[in-house]
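Asker: Sequence:
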Amino acid sequence: ENEYNMDETGIMLSMLSSVKVLIGKDDVRDYRGAGVKRTIVTAVDCVFASGEYLNPIII
42 ENEYNMDETG
52 IMLSMLSSVK
62 VLIGKDDVRD
72 YRGAGVKRTI
82 VTAVDCVFAS
92 GEYLNPIII
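Counting the sequence shown from 1 gives a position; our numbering is that position plus 41.
Think of the hints as simulated: they come from the structure by calculation, not from any bench. Just so it is clear, the structure is predicted and the values come from calculations on it, not from any experiment. All C-beta atoms in this analysis are idealised placements derived from N, C-alpha and C, irrespective of residue type, glycine included. Be aware that a few hints might be false.
[What the hints assert, rightly or not] So the derived label-pair ranges between C-beta atoms look like this:
{"hint": "1", "residue 1": "S91", "residue 2": "G51", "range": "24 to 32 Å"}
{"hint": "2", "residue 1": "T83", "residue 2": "E44", "range": "18 to 26 Å"}
{"hint": "3", "residue 1": "C87", "residue 2": "M53", "range": "21 to 29 Å"}
Hey, can you work out the whole structure from these sequences and the hints?
Answerer: In structure tokens, the structure reads:
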């Protein structure tokens, strides 16, 4: 009766610049997000075991 599943997903809407960094697998420097501008929208869904669902929340 009270069983449900909640899922959250992020969608990148735009990327104004494209960055590709090729490094060796042993390189410990962190390049994540370097020079990248992005807009992300998050959607949260909830579905009950009975098949009922709540409207998604868009953030």
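Asker: A separate judgement is required for each hint: does it hold in the structure or not?
Answerer: Verification of the supplied hints:
Judged by the Cβ atoms, the range 24 to 32 Å given for S91 and G51 holds: they are separated by roughly 28 Å. As the Cβ distance of T83 to E44 is approximately 24 Å, the hint placing it in 18 to 26 Å holds. Between C87 and M53, the C-beta spacing of about 23 Å keeps the proposed range 21 to 29 Å intact.
Hint check: no violations occur; every hint is consistent with the structure.
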